[in-house]
Every structure is written in structure tokens, then in C-alpha cells.
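Visitor: Residue strings, one per chain:
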Amino acid sequence: MSTGEEENAAELKIPDEFLKAKCLMNCEVALILEHKYEQLQQTADDPMNQMSQVFEKSHQYVKRFSRYKNPDAVRQVREILSRYQLAEFELCVLGNLCPETVEEAISMVPSIKAKGRALDDEAIEKMLNDLSLIKKFE
Amino acid sequence: KKKMFLQSKLSWNVVLSSEKLETEGLKLQKAIITHLLSVFAAKKASKDHGYLLAVTTVDRIGEGRVRQHSGEVLFPVEFSCVAFRMATGEILEGTVHKILKHGVFMRCGPVENVYLTHQKMKDYEYVPGENPYFMNAKSSRIERGGVVRFLVMGVKFVENEKEFQAVASLDGDYLGPLS
Chain U
1 MSTGEEENAA ELKIPDEFLK AKCLMNCEVA LILEHKYEQL QQTADDPMNQ MSQVFEKSHQ
61 YVKRFSRYKN PDAVRQVREI LSRYQLAEFE LCVLGNLCPE TVEEAISMVP SIKAKGRALD
121 DEAIEKMLND LSLIKKFE
Chain E
1 KKKMFLQSKL SWNVVLSSEK LETEGLKLQK AIITHLLSVF AAKKASKDHG YLLAVTTVDR
61 IGEGRVRQHS GEVLFPVEFS CVAFRMATGE ILEGTVHKIL KHGVFMRCGP VENVYLTHQK
121 MKDYEYVPGE NPYFMNAKSS RIERGGVVRF LVMGVKFVEN EKEFQAVASL DGDYLGPLS
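Going line by line, the protein sequences match chains U and E. If you're matching positions, the first sequence starts at 1 in the UniProt record's numbering and goes up one per residue. If you're matching positions, the second sequence starts at 1 in the UniProt record's numbering and goes up one per residue.
Here chain E is said to cover these stretches of chain U; the calculated rule only asks that three of the stretch's residues, wherever they fall, bring their Cβ under 8 Å from a Cβ of chain E:
no.: 1; stretch: 22 to 35
no.: 2; stretch: 54 to 61
no.: 3; stretch: 91 to 100
no.: 4; stretch: 104 to 114
Ranges of calculated distance between the beta carbons of each label pair, as one might list FRET restraints:
no.: 5; chain 1: U; residue 1: Asp45; chain 2: E; residue 2: Val158; range: 31 to 39 Å
no.: 6; chain 1: E; residue 1: Glu130; chain 2: U; residue 2: Arg117; range: 46 to 54 Å
no.: 7; chain 1: U; residue 1: Glu104; chain 2: E; residue 2: Lys47; range: 32 to 40 Å
no.: 8; chain 1: U; residue 1: Asp121; chain 2: E; residue 2: Arg60; range: 44 to 52 Å
no.: 9; chain 1: U; residue 1: Arg117; chain 2: E; residue 2: Val147; range: 25 to 33 Å
no.: 10; chain 1: E; residue 1: Lys27; chain 2: U; residue 2: Tyr37; range: 22 to 30 Å
The set of hints was computed from the structure by calculation and includes no laboratory data. Backbone N, C-alpha and C define an ideal beta-carbon position, used for all residues, glycine too.
Between the sequences and the hints, there should be enough to build the whole structure, so can you do that?
Guide: Laid out in C-alpha cells, this is it:
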């Protein structure tokens with residue numbers, strides 16, 4: 001890792017969009033931590049010194065709880081969810097929990113139905129359909 | 001509303017001894033970054049930022065400032081990292097690792113102890129035995145190794161352990177064990 005030059009996001013398959021994001025989905029964190037893990041194994045003199053227990057537990061967790069594994073699919077998920085005027089944390093909850101129905105989505109993220117929000121049931125349904133399509137073709 | 005996995009920007013001072021500076025020479029940048037990564041890994045968690053997982057980018061290394069008496073040099077370093085926080089009202093999934101008569105403990109990301117009391121387990125009853133578990137009328141089970149989707153009711157930072165503990169509930173639709 002070097003300063004000044006950002007790591008080439010395309011090379012790492014970690015898109016700029018979510019390096020700039022404040023909230024990250026489990027599947028995005030999985031890509032980042034997996035890359036870090038490989039990097040440390042290759043370059044560090046003493047990789048275990050730089051890999052904390054927090055890192056390892058989190059790495060295991062996000063690997064297990066990622067609904068999408070393929071980097072292109074992960075990127076698509078953020079892209080699609082970004083079209084629906086969601087707050088960052090709402091996007092992440094939906095991307096993590098992958099609700100199957102509109103009721104479940106509203107239960108998981110009640111704020112999407114708050115007053116004044118432009119998201120009607122039809123839009124939510126479409127969003128969930130788009131997400132499940134990504135899963136099918138992963 | 002800062003919760004779950006976050007990308008945070010931090011600014012820390014990395015202090016290198018004068019011996020380190022002499023030997024590293026042109027590899028100064030590498031020495032600073034290596035030291036930052038070690039300190040980062042050792043830090044584990046803070047109340048404000050949550051658990052510290054990994055440094056993603058080093059954005060800027062400032063001018064070194066010499067500490068007169070020790071000969072050490074201090075470098076301010078700005079970097080981005082992935083952190084994890086749990087917040088009240090959040091819905092998360094975790095793995096059960098301990099079953100007790102009055103509730104269960106779950107593990108979620110770097111958080112080792114998320115406690116779900118029996119009273120917040122809507123309709124689940126304790127089933128004793130060598131491998132105890134909780135079960136409801138529909139034979140759905142909360143057992144060791146199982147995944148449970150829960151609501152975070154409260155979070156506490158334990159300073160001397162440098163860890164967060166949380167209390168959970170299953171009050172709500174679509175919460176409970178997942179098959």
C-alpha cells in the first residue's frame with residue numbers, strides 16, 4: 001500500500017463507488033477484507049502482527065453473511081439500489097438481508113415508508129425483483 | 001446514523017524512533033505505514049469509531065516533527081479504514097454460540113456477546129438436555145450454531161475490554177432463526 005496514489009480500484013475490483021461510500025454492505029466488506037488478507041500474506045514480513053482478531057472475526061462473518069460473492073454482482077447491487085433514493089444505511093440493510101417480499105422489506109427498513117418518501121410498494125417490488133435477478137445470474 | 005460496516009477517515013500520529021529513521025532511510029514511507037498498521041491492529045476498538053477492521057487507503061502523510069528530548073519523529077497520517085458499529089434499532093444476523101436457561105448469546109461480526117433474553121424471544125421455550133435449545137409451537141429452533149435475525153435493543157462499550165456488548169430482541173416481523 002502506498003500513499004498519494006489510491007490503489008487502482010479497477011485492478012482490485014473494488015469499485016470507486018463503494019470506496020467513497022460511508023456505509024458498506026457485507027459483500028463489499030468481504031471483497032475488501034479478502035483483498036487485504038491476500039495482500040498481507042504476500043507483502044508483510046509478519047502478517048499476523050497486522051491482522052487483528054477483530055479483522056479475522058469480521059472476515060469470517062462477512063464471508064458467511066454475504067448474499068453476493070462475485071465482484072461484478074456486488075457492484076451491480078449497489079448500482080441498482082442507488083437508483084431508488086435510499087439513505088446509505090437503508091441501502092446496506094436491504095443489500096445485506098435481501099428481503100423477499102415488500103412486507104419484509106418494510107419490516108427491515110421501516111424508514112422507506114416514512115412520510116414524504118417517494119417509494120411506493122410498486123417501486124419496492126421492482127427493486128426486490130432487480131436484486132433477485134442479480135442473484136440468479138451470479 | 002452511523003451503524004454496521006462503515007468507511008471512516010481518521011488522522012493519527014505515527015511516532016518513529018530515531019534508530020528506525022536511520023536504518024529505514026528511503027524506505028521511510030514503508031516504515032510509517034507498517035507502524036500505522038501495527039498500531040491500528042492493536043487498537044481493536046474505540047467508543048467513537050467502533051471496531052477497527054482494516055486500513056483501506058493512506059491518504060496523506062504530513063511533515064515529520066522532531067520531539068526534542070527523545071529524538072523521535074512524529075508523522076501525522078490521514079487514512080481511511082473499515083470500521084464496525086452496532087446501533088440501537090438496527091436489524092442484524094448473528095450466530096448463536098451459547099444457550100442458557102434464561103437466554104442465548106450470539107456472535108455478530110467482531111461483537112462476541114449479543115445477549116437475547118428469553119423474555120424477548122416471543123413464544124420460544126427452553127428445552128433442557130445435553131444440547132439445550134429454545135423452540136416455539138411451530139417447532140422452529142434457536143440452537144447453538146444457528147443463525148438468528150434480531151433487533152438491537154441496546155449497545156454498551158466496555159472500556160477495559162475494548163469491546164462492545166449488545167442486547168437483542170425478536171420483537172418484530174421476520175425476526176428469529178433462519179434456516
